[in-house]
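Sequences listed follow chains W and A, in order. Here my numbering is used: the first residue of the first sequence is 1, the next is one more, and so on. Here my numbering is used: the first residue of the second sequence is 1, the next is one more, and so on.
Just so you know, these hints were derived from the structure itself, not from any lab. C-beta: ideal position from N, C-alpha, C; glycine also. Careful, some of the hints might be misleading.
[As the list claims (entries may be wrong)] Residues of chain A clear of chain W, computed beta-carbon distances all greater than 10 Å: (1) P2; (2) A98; (3) V127; (4) S164; (5) G167; (6) H246; (7) T260; (8) S292; (9) F335; (10) D406; (11) T414.
[As the list claims (entries may be wrong)] Label pairs and their computed distance ranges (CB to CB): (12) G105(W) / S367(A): 24 to 32 Å; (13) W353(A) / H106(W): 19 to 27 Å; (14) G189(W) / A41(A): 35 to 43 Å.
One letter stands for each residue in the lines below.
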Amino acid sequence: MAISEETRRELAELASRYPSSRSALLPMLHLVQSAEGEITVEGIGACADALGITPAEVTGVSTFYTMYKRKQVGAHHIGVCTNTLCGLLGGDAVYAALSERLGVGHDQPSADGNFWLERIECQAACTHAPVMTVDWEFMDDVTPSSAVDIVDRLSRGERVESTRGPAIRDFRATERTLAFSEDDLADEGVSVDDKMLAGLRVAREQGMSAPSIPHAQEG
Amino acid sequence: MPLTPVITEHWDAPDLYTIDGYRRFGGYRALQGALKKDPDAIIGMVKDSGLRGRGGAGFPTGLKWSFVPQNDGKPHYLVVNADESEPGACKDIPIMMANPHALVEGVIITSYAIRAGHAFIYIRGEVPNAIRKVANAVRQAREAGLIGKNILGSGYDLEVVVHSGAGAYICGEETALLDSLEGYRGQPRLKPPFPAVAGLYASPTVINNVETIANIPYIVDRGVDWFRQFGTEKSPGFKVFAVSGHVNRPGIFEAPLGITMRELLGYAGGVRGGGEVKFWLPGGSSVPMLTSEHLDVPMTYEDMAAAGTMLGTGTPMIFDQTVSVVKAVTRWLEFYKHESCGKCTPCREGTYWITGMLEKFEHGHGSAEELDTIASACLQIGGRSFCALGDAAATPYPAAMKFFRDEFIAATQTSADEQFDPVASYVFAGAVTR
Numbered sequence: 001m002a003i004s005e006e007t008r009r010e011l012a013e014l015a016s017r018y019p020s021s022r023s024a025l026l027p028m029l030h031l032v033q034s035a036e037g038e039i040t041v042e043g044i045g046a047c048a049d050a051l052g053i054t055p056a057e058v059t060g061v062s063t064f065y066t067m068y069k070r071k072q073v074g075a076h077h078i079g080v081c082t083n084t085l086c087g088l089l090g091g092d093a094v095y096a097a098l099s100e101r102l103g104v105g106h107d108q109p110s111a112d113g114n115f116w117l118e119r120i121e122c123q124a125a126c127t128h129a130p131v132m133t134v135d136w137e138f139m140d141d142v143t144p145s146s147a148v149d150i151v152d153r154l155s156r157g158e159r160v161e162s163t164r165g166p167a168i169r170d171f172r173a174t175e176r177t178l179a180f181s182e183d184d185l186a187d188e189g190v191s192v193d194d195k196m197l198a199g200l201r202v203a204r205e206q207g208m209s210a211p212s213i214p215h216a217q218e219g
Numbered sequence: 001m002p003l004t005p006v007i008t009e010h011w012d013a014p015d016l017y018t019i020d021g022y023r024r025f026g027g028y029r030a031l032q033g034a035l036k037k038d039p040d041a042i043i044g045m046v047k048d049s050g051l052r053g054r055g056g057a058g059f060p061t062g063l064k065w066s067f068v069p070q071n072d073g074k075p076h077y078l079v080v081n082a083d084e085s086e087p088g089a090c091k092d093i094p095i096m097m098a099n100p101h102a103l104v105e106g107v108i109i110t111s112y113a114i115r116a117g118h119a120f121i122y123i124r125g126e127v128p129n130a131i132r133k134v135a136n137a138v139r140q141a142r143e144a145g146l147i148g149k150n151i152l153g154s155g156y157d158l159e160v161v162v163h164s165g166a167g168a169y170i171c172g173e174e175t176a177l178l179d180s181l182e183g184y185r186g187q188p189r190l191k192p193p194f195p196a197v198a199g200l201y202a203s204p205t206v207i208n209n210v211e212t213i214a215n216i217p218y219i220v221d222r223g224v225d226w227f228r229q230f231g232t233e234k235s236p237g238f239k240v241f242a243v244s245g246h247v248n249r250p251g252i253f254e255a256p257l258g259i260t261m262r263e264l265l266g267y268a269g270g271v272r273g274g275g276e277v278k279f280w281l282p283g284g285s286s287v288p289m290l291t292s293e294h295l296d297v298p299m300t301y302e303d304m305a306a307a308g309t310m311l312g313t314g315t316p317m318i319f320d321q322t323v324s325v326v327k328a329v330t331r332w333l334e335f336y337k338h339e340s341c342g343k344c345t346p347c348r349e350g351t352y353w354i355t356g357m358l359e360k361f362e363h364g365h366g367s368a369e370e371l372d373t374i375a376s377a378c379l380q381i382g383g384r385s386f387c388a389l390g391d392a393a394a395t396p397y398p399a400a401m402k403f404f405r406d407e408f409i410a411a412t413q414t415s416a417d418e419q420f421d422p423v424a425s426y427v428f429a430g431a432v433t434r
C-alpha cells in the first residue's frame, strides 16, 4: 500500500528526535507496522527515503528483529511464553490450546486474519507465569481455558483488560505506541498487582523496613 | 534477614507513577541537592557507595562512570539498558511500571555527573506498558522543568529520549544495544574500545541497567553511610529480588544483598505443596544452576561466585521435583539458538548443534557419547565469541550435568516427558482442559 503523506511526515518527525537520524529506524519500522500491518516494501522504501539510506539497509535491519513481520499480522498479536519457566509451568499447554483454537502454528496468522500466534521468549514476567500477551500487553497467570476465553472474547469484539495495563486495543495501536513511546493511556488500568507487592506486604505485616533516612530524622 | 523496601517502598500508593505521587515521598529531592554539587563529587559518592551494576555483571557503577574522559570536547551520552530479556529476570519492567520517576530522577542525576547532554532509555519493544509509563514520567519531568534547558536554574541542559526495541535478546548486551540504538542490526562490538571511551556515535557513553540507575536518587539523597548499612563490604546495598517458579507466593521482594535463598523462599511462602527445591538459578538462565544444598549461601556477588555460580540479575527461578532438568536445559538452549545474533561462528553454529543434540535427549534417544560431544561443544563456545551470549549458552548444560548426570543418562532411553509427567509441573495442575 502506498505510504501516506501523513505517515511520511511522522517518519521524518521520529528521525528528527535523535542526534543521528538513523537512530530512529527501529521506531520508524514500528510506525510502518502501525500504518501497514506488517513491514511492506513501500514502508521500507519510505524509511530509506526519510533517512537517506538504501532499502537494502533498512531490510537488513528489519529482518534481524523478531517483532517485525513480513505478513499481515491481523487485528491481534497473541504471544505465549514458552521459554523454560513459563513453558514448564504451563505455557506449553496454553500454547497448544491456542494453537488448536486458532488453527495455526508458531508465527502464523489465523485463516480469518484476526490473530497472529507466536511462541515468544521470556517476557520479563516470570513471577506471573504462565504469561500470555495480547498486542504485547500483559495477560498474566493464564491457563489453557482462560487463554482460549480471552481469544474468544476478542473475536466477539468484547472489551478485554490487560492484567497489568490498559484495555486491549489492537496490534496496530500498540505499534504506534512503540513508535512514539507514548500514548495517552498511562493512567489506564492496573499496573501494580499483588505479586509486585508481595514483599512489601510481608514487610508491612512483619514490621520490617529499611534503615531510617538520615534527614527524615533531622527534620 | 529482614526485607527492606526502598525502591519498592511506596508501590502500593496508587499514584506513585505520577510526578505528584513520587514527590509526596521525597522524589526529586536528590536531584535538587545533586545539581548544587560538583559532578565529580557525585561520581565520587557513587564510587564510595560501592554500588555494583544490577544488570548481571556486577561491575562497580562509580568506577564505570569515572572511565568517561572529561573535558574531551566530545558529547557524552547516558544509555539506560531497559532491555530486560534474560530468562527469569523480571524486576526492571516492574520498576518501570511502578516507580518510573525513580528511574527518571536517576537518569538526570547520572547524566549531570558524567556531563551528558543526552540520555536514552532503551526499553525492549515487547512491553508497551512499561514504555508508556516511562515516557509519561519523562514528559511530566520535562513539564516540571526537570528535563530540558537550564534544569532548576542550574545552567545544566539535558534531553531524554525513550526508545523502543523490536525483539532481540542480544540487545541487552551493551555494545549490541548501541548498534541497535544507532539503527543497525543489534550485533556486539569488539571491546576495547569500551563504551566509556567510544560508545554511542563513537562518543563516551555510560550504559547502566534500570535498577542500577533507580538506586542513584536514594544513594545521593540518603548518603553513602546509609547505603552501606545494607549488604556486605563487596556487595553493598539492597536488591529488588524477583522470585518465580514453584513457590506459593511468587513476586517481588526487596532485601539487602546477603539474604539467602532459604530466607527469600520463606517470604515467598515456600515451595508449593510442601515440595522440595530440585534446582534453582540465582539470576537468569545464563548463570549456573544450584540445588537445595545451596539455599544458605548469601546472595552476594562474591558468595555466589564462590558457590560456582553468579548473582546475575538477582531474580531466582525455583524448580521443584516435578521438573525434568533435561527439558529445562534443552529449552534454554533453544532460546540461545534463537537469540544468537549470528556474528560469531562458535556461538551461531554451536548453539544450533547443541540444541539439536539436546532435543534428541529430550525425546529419549540420545547416546552416552553425545553427552561428551555436547560437553566438548560447550567448551568450544565459551570464551570464543565477542560477547557473553556464547558464554551463557555454554553454561546450562555443564551446570546441569554436575548435579543431574543420571537424568541425562536416563534420557538416552526414556524421554523427558516419560520421566516427568509435564502436567505435574504446571501451576494450574488439574485445570487442564482438552
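Hint check results:
no.	hint	verdict
1	P2	violated (4 Å)
2	A98	violated (5 Å)
3	V127	violated (7 Å)
4	S164	violated (4 Å)
5	G167	violated (4 Å)
6	H246	violated (8 Å)
7	T260	holds (15 Å)
8	S292	holds (18 Å)
9	F335	violated (6 Å)
10	D406	holds (20 Å)
11	T414	holds (18 Å)
12	G105(W) / S367(A): 24 to 32 Å	holds (30 Å)
13	W353(A) / H106(W): 19 to 27 Å	holds (22 Å)
14	G189(W) / A41(A): 35 to 43 Å	holds (42 Å)
This entry does not satisfy hints 1, 2, 3, 4, 5, 6 and 9, going by the numbered hints stated previously.
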